[in-house]
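**Q** The chain contents come next:
Protein chains: 2
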Amino acid sequence: MNFIESLNKRYASKQMSGKKVSPDKVETILEAIRLAPTSMGLQPFKVIIIEDQEIKDRIFEKSAKGQPQIPKSSHLLVFAGYKRITPELLDEYVENIKITRPTLPLAKVTAYRQMMSALTLQTEEDNFIWSSHQVYIALGFALAAAAVENVDSVPIAGFTPPALDELLGLEKRNLGSVCLMAIGVRDEATDYNATLPKVRKSKADLFEYI
Amino acid sequence: MNFIESLNKRYASKQMSGKKVSPDKVETILEAIRLAPTSMGLQPFKVIIIEDQEIKDRIFEKSAKGQPQIPKSSHLLVFAGYKRITPELLDEYVENIKITRPTLPLAKVTAYRQMMSALTLQTEEDNFIWSSHQVYIALGFALAAAAVENVDSVPIAGFTPPALDELLGLEKRNLGSVCLMAIGVRDEATDYNATLPKVRKSKADLFEYI
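Those protein sequence lines, which keep their order, are chains L and D. Going by our numbering, the first sequence opens with residue 1, and the numbers climb by one from there. Going by our numbering, the second sequence opens with residue 1, and the numbers climb by one from there.
Because the hints were derived from the structure by calculation, they are not lab data. Careful, some of the hints might be misleading.
DSS-like cross-link-like pairs, simulated, lysine-lysine; straight-line CA separation at most 27 Å [what the hints assert, rightly or not]: (1) Lys203/D with Lys25/L; (2) Lys20/L with Lys9/L; (3) Lys201/D with Lys108/L; (4) Lys198/D with Lys25/L; (5) Lys46/L with Lys9/D; (6) Lys9/L with Lys98/D; (7) Lys201/L with Lys9/D; (8) Lys9/L with Lys201/L; (9) Lys46/D with Lys83/D.
Rough simulated footprint, nothing fancy, chain D against chain L, three-plus residues with beta-carbon under 8 Å [as the list claims (entries may be wrong)]: (10) 4 to 11; (11) 30 to 39; (12) 43 to 54; (13) 96 to 110; (14) 190 to 203.
Not the full set, but computed from the structure, chain D residues with beta-carbon under 10 Å of chain L [stated by the list, open to error]: (15) Phe3; (16) Lys19; (17) Glu27; (18) Ile33; (19) Thr38; (20) Gln43; (21) Phe60; (22) Gln134; (23) Ala144; (24) Phe207.
Cβ atoms here follow ideal geometry from the backbone N, Cα and C, with glycine treated the same way.
Generate coordinates for the entire structure from the input sequences, incorporating the hints supplied.
**A** Structure (structure tokens):
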């Protein structure tokens, strides 16, 4: 199956069965997230991978009552963005550059660090919007990887971030939940979305050529 | 090459050569964008595909001076999100659902339309943040598709949206530019980023397991 065929086959799984996805497939999806490009390369987020049934149940009960896939997922991925881009985050990144690209002149790295520091002067609100954009690129990579691996998945924005943040203790870590992705195995009997034709805009509606 | 190998091979091409990408590869990238999932399925954006050299030059001059890839790209994709989610956008979507899923009970479609109408009550700022999130998922799909097709690409957030919006007449159409993606053929001699090792957080830094 080629990439476009995989993307055509994927859909938002609305009912999962509780069956497990194999660890190697989960790792492939995570590796796609890790490789996703981000603005300036900063990867301003964490992804929390939840297999623990009790935690999944509590997330469903406390912050995402409309999402029955969550307790029946194999793994729930919580994408949490950094609320504030701190000098420490930039320092960690610069250390990583120095190790990964040891031949790069130090003056260049310092100039790059200086350029990035503009982020630390923005408001927390603007920082978090920016972090969220990077999260969504990574979510795209994760959904595409799940499609390629033939793993059922669903992106979830319908939840209450403050409730989830409190439950996972994110706020005090300078993190805020942005979106979720449940991966699992569809419940063939009840997953009404599995067989419905995909609703998408036509090329003529979506694209313009100049 | 498998998907992860493709993602490992891709990088942000900083210098392009002006050579053209074949139309079938461009169409594959666009089809990935069209298939990208969006919140509630609404696809609240347009993608403008620019091949015209004069327009690319003007975009570079007027709104993205730091991005020399733009005039040397094969195609510049402008992702423009809807600033306001209007009842008309919902109506168009509902019409598409009715045509694509004719067996769906009308009461269900009407209830879905009602649920979505909450979007039209939000502020323009919140609408645009939401549209931008959907754009970034689609950008992820586009970047992944370019990687699979072995097409050089670069996502671009370093531009001045108001200047670009004015140049393309987006504002009066209820659209705002969110991000750009240049696709093309790298300039082997000057694209310094082509051979540098990828800088990414380790799994231990990026992921947490519960």
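**Q** Would you mind marking each hint as holding or not holding in the structure?
**A** Going down the list of hints, with the structure as the test:
| no. | hint | result |
| --- | --- | --- |
| 1 | Lys203/D with Lys25/L | 15 Å, holds |
| 2 | Lys20/L with Lys9/L | 20 Å, holds |
| 3 | Lys201/D with Lys108/L | 20 Å, holds |
| 4 | Lys198/D with Lys25/L | 23 Å, holds |
| 5 | Lys46/L with Lys9/D | 23 Å, holds |
| 6 | Lys9/L with Lys98/D | 21 Å, holds |
| 7 | Lys201/L with Lys9/D | 31 Å, violated |
| 8 | Lys9/L with Lys201/L | 17 Å, holds |
| 9 | Lys46/D with Lys83/D | 11 Å, holds |
| 10 | 4 to 11 | holds (count 4) |
| 11 | 30 to 39 | holds (count 9) |
| 12 | 43 to 54 | holds (count 9) |
| 13 | 96 to 110 | holds (count 5) |
| 14 | 190 to 203 | holds (count 7) |
| 15 | Phe3 | 5 Å, holds |
| 16 | Lys19 | 19 Å, violated |
| 17 | Glu27 | 9 Å, holds |
| 18 | Ile33 | 7 Å, holds |
| 19 | Thr38 | 9 Å, holds |
| 20 | Gln43 | 5 Å, holds |
| 21 | Phe60 | 14 Å, violated |
| 22 | Gln134 | 8 Å, holds |
| 23 | Ala144 | 5 Å, holds |
| 24 | Phe207 | 5 Å, holds |
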